[in-house]
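Q: In case you want the letters, here they are:
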Amino acid sequence: MTYHPTRRMFLGALGIASIAGCSAGLRESSGGGQTLKIGYVSPRTGPLAVFGESDDYVLGKVRTALSKGLSIGGRTYPVEIVVKDTQSSAARAAEVAGELIQRDKVDIVLATSTPDTTNPVSDQCEAAKVPCVATICPWEIWADGRPAPTYSYLHFIGTQQEVEVFAGLWARADTNQVVGGLWPNDTDGELYRRFVTAKTGWKVVDSGAYEDGTQDYTSILAAFAGGEAEILQAAPIPPDWVTFWRQAAQNRFRPKIVSVAKAMLFPSVAETLGELAEGLVAPVWWSSAFPYRSSLDGSTAREFADGYGRQWTPPMGFNHALFEIAVAAFKAAADPKDHAAVAAAIGTLKGEAISGRYDFTAGPSKNVSLAPDLLGQWRRNTSGKYDLVIVDNTLDPTIPVQGEFTPLR
Amino acid sequence: MNVLELDRITKRFGRVTVADELTLSVRQGDAVGVVGPNGAGKTSLFGMISGDLRPDAGEVRFDGHRVTLLDPSVRCRLGIGRTYQVPRPFLGLSVFENTLVAAQQGARTRGRASYALAARVLGETGLADLAGRPAAQLGLLQRKRLELARALATRPKLLLLDEVAGGLTDPEVTELVALITAAREREGLAVLWIEHVVRALTATVDRLICLAGGRIIGDGGPLEVLASPAVKEVFLGTADALTEAEDRDA
Amino acid sequence: MIAALVQGVLVGGTYALVACGLSLAFGVMRLVNIAHGDLAVCGAYLALVVATGLGVPVLAAVPLILPLAFGVGVVLQLVLFERALRGGVLAPVLVTFGLSVLIQNLLVTGASANPRSLDGGAFALAGFEAGGVAVSWLRVAGFAVAVVVLGSLHLVLARTGFGRRVRATADDLEAARLAGVRVRPVFAGVAGISVATAALAGVFQGLMSTFDPYAGGLILIFAFEAVVIGGLGSLWGTLGGGIVLGVTQQLVALWDVRFAVLAVHVLFFVVLVVRPVRP
Chain A
0 MTYHPTRRMF LGALGIASIA GCSAGLRESS GGGQTLKIGY VSPRTGPLAV
50 FGESDDYVLG KVRTALSKGL SIGGRTYPVE IVVKDTQSSA ARAAEVAGEL
100 IQRDKVDIVL ATSTPDTTNP VSDQCEAAKV PCVATICPWE IWADGRPAPT
150 YSYLHFIGTQ QEVEVFAGLW ARADTNQVVG GLWPNDTDGE LYRRFVTAKT
200 GWKVVDSGAY EDGTQDYTSI LAAFAGGEAE ILQAAPIPPD WVTFWRQAAQ
250 NRFRPKIVSV AKAMLFPSVA ETLGELAEGL VAPVWWSSAF PYRSSLDGST
300 AREFADGYGR QWTPPMGFNH ALFEIAVAAF KAAADPKDHA AVAAAIGTLK
350 GEAISGRYDF TAGPSKNVSL APDLLGQWRR NTSGKYDLVI VDNTLDPTIP
400 VQGEFTPLR
Chain B
0 MNVLELDRIT KRFGRVTVAD ELTLSVRQGD AVGVVGPNGA GKTSLFGMIS
50 GDLRPDAGEV RFDGHRVTLL DPSVRCRLGI GRTYQVPRPF LGLSVFENTL
100 VAAQQGARTR GRASYALAAR VLGETGLADL AGRPAAQLGL LQRKRLELAR
150 ALATRPKLLL LDEVAGGLTD PEVTELVALI TAAREREGLA VLWIEHVVRA
200 LTATVDRLIC LAGGRIIGDG GPLEVLASPA VKEVFLGTAD ALTEAEDRDA
Chain C
0 MIAALVQGVL VGGTYALVAC GLSLAFGVMR LVNIAHGDLA VCGAYLALVV
50 ATGLGVPVLA AVPLILPLAF GVGVVLQLVL FERALRGGVL APVLVTFGLS
100 VLIQNLLVTG ASANPRSLDG GAFALAGFEA GGVAVSWLRV AGFAVAVVVL
150 GSLHLVLART GFGRRVRATA DDLEAARLAG VRVRPVFAGV AGISVATAAL
200 AGVFQGLMST FDPYAGGLIL IFAFEAVVIG GLGSLWGTLG GGIVLGVTQQ
250 LVALWDVRFA VLAVHVLFFV VLVVRPVRP
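Protein chains in written order, with numbering that gives the first Met the number 0: chain A, 0 to 408; chain B, 0 to 249; chain C, 0 to 278.
With the rest of the complex left out, here is chain A (with noise of 0.2 Å):
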């Protein structure tokens, strides 16, 4: 997840010298089809494979619900979805989201995971005026240093808010609120420094802005003990995660509550751990067991989550939500074809996905839908697997929790 912003924007200025001559000859073209086209974008290989996991189940459900197309103002359109590779670059992604731009000429661009992805495809769109809408970045990242968004939108969780949630259930517990953060030199770490440390009444033993791939962790870890902290909250990338984790138990490293962003959404990473996993405590946007149902089929989450034979993943759930979003601005908008009106028609929506509610209207930033965050817990089930078992909804208490929340010691 590590992003840098000067990066983006030198991307986002090639992507408008690209698509510039092209725009005119696009805005003709796009009125005479009668296929509905969406773009999805994702990193399907290299190092964030692992959002991209579950893509061919959530286009296979997807494609299913909408063979037979839509049928908007009287008239059927039917719908090709075309999917593109980020490889994990965000160059790459810039570059596909041109293609889709040009070339396969779609009605609305849909990018996911990682500030990799929403950030250059959210920039190409813009510069294309195409509709577009993003996910699983956390908005601040993705609001933050950019010009006012009028073609892309982004529906997701925030960093301030998890932070807030996380404090919430630090509270919970009985401790000397000293927290350890542990921040890597990225932009994820980056904010939960700032968030953390601006809260009042907990008392911040920080990492330093370590880099990503570091191999050892015992000054870290000396410096955690040395301030006695009771509590852990990390950002770190999976296998950081796991060799920080692994280094804490051999230094005898054990606070009361170890909230870990990022690293421990996916149960790869709790299955890695092994018995290390239990009772860490990881934000959950999405699970199997949210009360809510997909709006293009009627089914429901744990239904979803069954229907994909693996174990299921958090960004399954929000991958599968942007094509309904899509559909229902396709729907909202007075022609579907006409880019600026569907653009226009996100901005209005208001409703629920198998992912939750979204509201395109109310955000805290322009043209960004906040998504309720809740708080979970890891233990093993009685197959001996890992299970993300949600013990805070403070957020959204429609979604019941699944049990109560224990402390490490």
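Each hint should be verified, as a subset may be incorrect.
Here chain C is said to cover these stretches of chain B; the calculated rule only asks that three of the stretch's residues, wherever they fall, bring their Cβ under 8 Å from a Cβ of chain C [unchecked claim]:
id, segment
1, 15-23
2, 66-78
3, 101-112
4, 199-212
Hints listed in this document are in silico derivations from the structure and should not be mistaken for laboratory results. Don't be surprised by glycine CBs; every beta carbon is placed ideally from N, CA and C.
For this one, chain A is given, so just place chains B and C on it according to the hints.
A: Using the frame of chain A, we list chains B and C on its own:
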């Protein structure tokens, strides 16, 4: 019986011809000197015999085998030994290890026999006292001796000597020539010897060939070849290495 | 401070374990193996497959993996590297880069992009305290294995016929041929050793943290830096280079953890400038 036969070998580097349908045979036990001006193709000739170079056409036969396309290591094992003009000892190995590798790999000896062979050639080349030294510490004369020792340790039937005497003082040359003569008498090996220092050659070889432009322009007894008009002309036309060498001898 | 030194030395051992194969391949064959890190990752995956497949602990799988990895190295040398090495300076770099990409994509297809890890059991999580320094047994074991591997390699090179042939070939390929050394088996053996040590290092990487199909790049960078800092082609130098890397990282982290990894890269760069690489 011929130990080496070159059958119309040709080799060109771009426009430069270093061997032009060159045919040559060397009999067992023969000592043949090779002279010629710079760029005559002497070292390339050695390359094609030892395997570092592949001829464009023609055939190299050694001891009854066609070796034209064989790897240098295989030719070495068949019995072709070679020294380089500028010695190339294995600098990271000790003097003894240098000859030991050659004894084990080139002569295919093992265990005790290989150690005995390596020690023997060191004794013969006067390096016994330096056996434990890293080769990198040796001076030029010692490196030349080691080059010879390593070639001898492969137990060659044919020894290719490339300017063994170059860069040495007269007494050193005398010493080295004595070493080579002794080795020849002991092993009965054939020698093909490139040399600018003609005195060293005339004292040892019984046949001399002169190369120029990739062809043999003189072949026979040393004095007879040196006296032939064609050979004289070739050397007069160039920077006259031959005369230089003779001057130094005088 | 002392803690940082101790940890630095221990971490350095793991760097050296990856780096020694790279160093050997470069020193003997002038092969810059871009795929070295990916081969280490393959070793970790292999350990995972063997350990779960046979239901044995990871460490019990190692004796099975090493000969296999050796064989892979031999085959790679004979079918791939040998040709590439004949193609000049750039060809081996391109070919091994291609191999690296190929391995990554095969692993993604075969094993998905999920990060994996090797379960070392209780031993992997155990630690002890000495003089106020918390030390992990796994790290100690990693360091010890690195020293043993480097020591055995050193002995093999110094004392055996194979080692002499390797050194002779490394010194002067043509002269070695003329002395009767058949270079193919020498190179194949070196490639085998190189890949086997990479696989072993991959297993330790997997025990200490995680690996995924793309983890090879980072492994390669540290190994490469250890080799360059330690002096090309020198085994003990490689251990020294690894330790220098580890200690630098730890000491700088004491001051500001932000610059820990950066400091290592800067050190590498300074070494390159002050003492340029002479192959």
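Q: Count the residues of the segment 66-78 of chain B with a beta-carbon closer than 8 Å to any beta-carbon of chain C: does the count reach three?
A: Check passed, 6 qualifying residues.
Q: At least three residues with a C-beta closer than 8 Å to a C-beta of chain C: is that true for the segment 101-112 of chain B?
A: holds (count 6)
Q: Counting residues of the segment 15-23 of chain B with a beta carbon closer than 8 Å to any beta carbon of chain C, are there 3 or more?
A: Answer violated; 0 residues pass the 8 Å Cβ test.
Q: Three or more residues of the segment 199-212 of chain B near chain C by CB distance under 8 Å?
A: It is violated, with 0 qualifying residues against the three required.
This entry does not satisfy hints 1 and 4, going by the numbered hints stated previously.
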